[in-house]
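Engineer: So you can see what is in the structure, the chains are spelled out below.
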Amino acid sequence: MIPSDDNTLELHRVGLRYDRGPEVLSNIDLTLPAGSFTFLTGPSGAGKSSLLKLCYLSLMPTRGLINLFGQDVSTLRQNQLQVLRRRIGVVLQDFRLIDHLSVFENVALPLRVAGKPRDSYIPDVTELLNWVGLGHRMNALPPTLSGGEKQRCAIARAVIAKPDLLIADEPTGNVDPEIGGRLLRLFGEMNRMGATVLIATHDHGLIGEFPARTVHLRDGELHEGLGSMVVA
Amino acid sequence: MIEATDISAPTPAKMAAPQTLLPARPEQGRALLTVLVVMAFLAALALLFARGADRLSDRWTAQLSSSSTVQILIMTEAERFAQMSAAQDILIRALPNDARMTSLSRAESARLLRPWLGDTGLPDDLPVPGVIRIDSEVRLPAESLETQFEAAGLRTVIDDHSRFSGQLKRTVGRLVLFGIVLLGLIGLAATAVSMFATRAGLAAQRDIIHVLVQAGATDGFIARLFVTQAARRGFIGAGIGAAMAAVLWFLISLGPARGSVGWRGLTDGALDGVALICLAILFALICASSAGWAAMRQLAYERRRA
Ligand SMILES: Nc1ncnc2c1ncn2[C@@H]1O[C@H](COP(=O)(O)OP(=O)(O)OP(=O)(O)O)[C@@H](O)[C@H]1O
Ligand SMILES: [Mg+2]
Numbered sequence: 032m033i034p035s036d037d038n039t040l041e042l043h044r045v046g047l048r049y050d051r052g053p054e055v056l057s058n059i060d061l062t063l064p065a066g067s068f069t070f071l072t073g074p075s076g077a078g079k080s081s082l083l084k085l086c087y088l089s090l091m092p093t094r095g096l097i098n099l100f101g102q103d104v105s106t107l108r109q110n111q112l113q114v115l116r117r118r119i120g121v122v123l124q125d126f127r128l129i130d131h132l133s134v135f136e137n138v139a140l141p142l143r144v145a146g147k148p149r150d151s152y153i154p155d156v157t158e159l160l161n162w163v164g165l166g167h168r169m170n171a172l173p174p175t176l177s178g179g180e181k182q183r184c185a186i187a188r189a190v191i192a193k194p195d196l197l198i199a200d201e202p203t204g205n206v207d208p209e210i211g212g213r214l215l216r217l218f219g220e221m222n223r224m225g226a227t228v229l230i231a232t233h234d235h236g237l238i239g240e241f242p243a244r245t246v247h248l249r250d251g252e253l254h255e256g257l258g259s260m261v262v263a
Numbered sequence: 116m117i118e119a120t121d122i123s124a125p126t127p128a129k130m131a132a133p134q135t136l137l138p139a140r141p142e143q144g145r146a147l148l149t150v151l152v153v154m155a156f157l158a159a160l161a162l163l164f165a166r167g168a169d170r171l172s173d174r175w176t177a178q179l180s181s182s183s184t185v186q187i188l189i190m191t192e193a194e195r196f197a198q199m200s201a202a203q204d205i206l207i208r209a210l211p212n213d214a215r216m217t218s219l220s221r222a223e224s225a226r227l228l229r230p231w232l233g234d235t236g237l238p239d240d241l242p243v244p245g246v247i248r249i250d251s252e253v254r255l256p257a258e259s260l261e262t263q264f265e266a267a268g269l270r271t272v273i274d275d276h277s278r279f280s281g282q283l284k285r286t287v288g289r290l291v292l293f294g295i296v297l298l299g300l301i302g303l304a305a306t307a308v309s310m311f312a313t314r315a316g317l318a319a320q321r322d323i324i325h326v327l328v329q330a331g332a333t334d335g336f337i338a339r340l341f342v343t344q345a346a347r348r349g350f351i352g353a354g355i356g357a358a359m360a361a362v363l364w365f366l367i368s369l370g371p372a373r374g375s376v377g378w379r380g381l382t383d384g385a386l387d388g389v390a391l392i393c394l395a396i397l398f399a400l401i402c403a404s405s406a407g408w409a410a411m412r413q414l415a416y417e418r419r420r421a
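Read top to bottom, the protein sequences are chains A and B. According to my numbering, the residues represented by the first sequence are 32 to 263, in order. According to my numbering, the residues represented by the second sequence are 116 to 421, in order.
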C-alpha cells in the first residue's frame, strides 16, 4: 500500500541533551510511515515532549539523524526548514495562542504565514471553527477562553493548513471525555485524508478508544508496542 | 454532533481586515514616537536653516557682485576732470552697454572720507580720490582694466567686493555643511533608535515569534512585520516633527526677523515644503530599513546561539 521508503519521519540513533545536562533521549530509532497513526506514551519526565520537539523541528538533535519528508534536516537552510515546518501541524501542552489575536486570526495564522489571500481562507477557517465548537467564539481573544476552548483553538490552528504531519502533545488533557473523543476523531479524520499523526498522551482511555500503534518512552529509550499494556 | 449555538456567522466587519500580528504596545509606542518627533523636528530645522542660509548667501553675493567701484587716485585737483574722463573712457569701452556707471562729484567722494577724516572741512587743494560706481550683471574684468588704467598713467583701486563675497560664501558654505552633518547625525540616531526598538520588540514578542516560526514564517516574513511597524511609526513621527518645524519656520518668516528665512516668493516656500516631505519620507525609510536589518540580524543571531 505505502512503499516502505515513503516515510514521513525517520529518526536514526538520535540523542538529545539540554546544554551540558544528561542525555534526555538516547539512541532513539523511530519511523513514522506516511499516513500512519502513532501514540507516544511514557511516564512524566520520560522525554515525550522533547522527542516531539525534535519531530516538529523545534530542536535539533545533539546526535543522530532526522529525515523529514525524505530530507536530512541537518543539511537544510533556514528557509528550507520553514517550508518543511509549514507541512507540520503542532498542538502543544500550553497551546501557544497569540493573546492579542482573535480566535479566528489565531486559527488562520498558518495560512497567512503561507501567503494565502485572505478571501480564500475565511470560509475554511469559519467552517473548521464551527466544527470544533468555537463558531460562537470566533472574535473572542484567547485569554477569555476556557482551557478546553483554548485547546480546541490550538488544534484548529494545527490542522487548518491540512498538514502532512500532525503532532500533538497531550491534546486532550484539558477537555471532557466527550470533546476529547471528538478531537481524536478530528485527528482520525486528518489521518484518513493522508496525514501522518503522532500523539503523546497519558490518556489510556483515549488509546483504548482508538486502537493504533503505540510506542512507549522510558528512561530516554523507545520501546515499540508496549505502551498500553505496560502502563494501563 | 455540533451544538446549534456553534453555527453563528462571524461579524463581517471584524473579518474584513486582518489584525496586525505584532501587538500595538501603546506605552512603549508613545515614548518612541516622542523621540522620533523630536529628532524629525531637529532634522527639519537643520534642513530649513541650511536652505535659508544658502538662499540668503546667494542673494547677498548676487547683490554684491553686481556692484563695484573704481577709485582714481588723482595727483592734484587740477587733473581731476582729465583723469576722471580718461578712466570713464576706458570703462565705457570695457563694459557691456547695459552697465550703469555713476561718477561721484568731488563733494560726494569727500563725504565718503568723512569716517576717516572727520567733519573738518577739507582744504580745497587736497586731492580727493575720484569714485566711479558700476552696476552690472557682468563681472568687472578687473585685470585687463588695471593694465589699461596703468597704460593711461592712472593710479586706480578696483573693488569688486570679491573678497567680501568670497568670505560670505565660505562662511555660509560652512553653515550648510554643518547642517548636513547635523542631518547625518540625526539619521544615525534614528537608525540606532529604530534598531534598538526592533530588538526590544523581538525580545518582548518572543512567544509570538516562536509561534510564527513554528507556523513556517521565514525571517523575511517576521522582519517585514517590524519593517511595517517602524515605517508607520517613522512616517508619523517625521510628519509631526516636520509639520512643527514648518509652522515655526513660517512664523519666523512673518516675524520681526522677516526675510531671514530667505524666501523670495511662493516658490521658495513651496520648495522648502517639498524638501520637508522628502525628509519625512527619507526618515521613514531609514527607520524601516534599519528595523528590517536589525530584525534579520537578530533572528539569525538567536538561531546560531540556540
Ligand atoms: N528546556 C529544557 N532544559 C533543560 N532540561 C529540560 C528542558 N526541557 C525538558 N527538560 C528535561 O528533559 C526531561 C524530559 O522532559 P520532557 O518535557 O520531554 O518530558 P515529558 O515526557 O514530556 O514529561 P510530561 O509527561 O510531564 O510532559 C526532563 O527531565 C526535563 O526536566
Ligand atoms: Mg511533556
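For the record, the hints were derived by calculation from the structure and aren't laboratory data. Just so you know, these numbers come straight off a predicted model, no measurement behind them. For every residue, glycine included, the Cβ atom is placed at its ideal position computed from N, Cα and C. Hints may contain errors.
Per the computed footprint, the stretches of chain A lying under chain B, defined by three or more beta-carbons under 8 Å from a beta-carbon of chain B, are [what the hints assert, rightly or not]: (1) 42-48; (2) 93-100; (3) 106-113.
Which residues of chain B face chain A? A partial, calculated answer using Cβ under 10 Å [as the list claims (entries may be wrong)]: (4) Q134; (5) T135; (6) L136; (7) P138; (8) M190; (9) A193; (10) A332; (11) F336; (12) T343; (13) L414.
Engineer: Flag every earlier hint the structure violates by its number, smallest first.
Structural biologist: 1, 2, 8, 9 and 12
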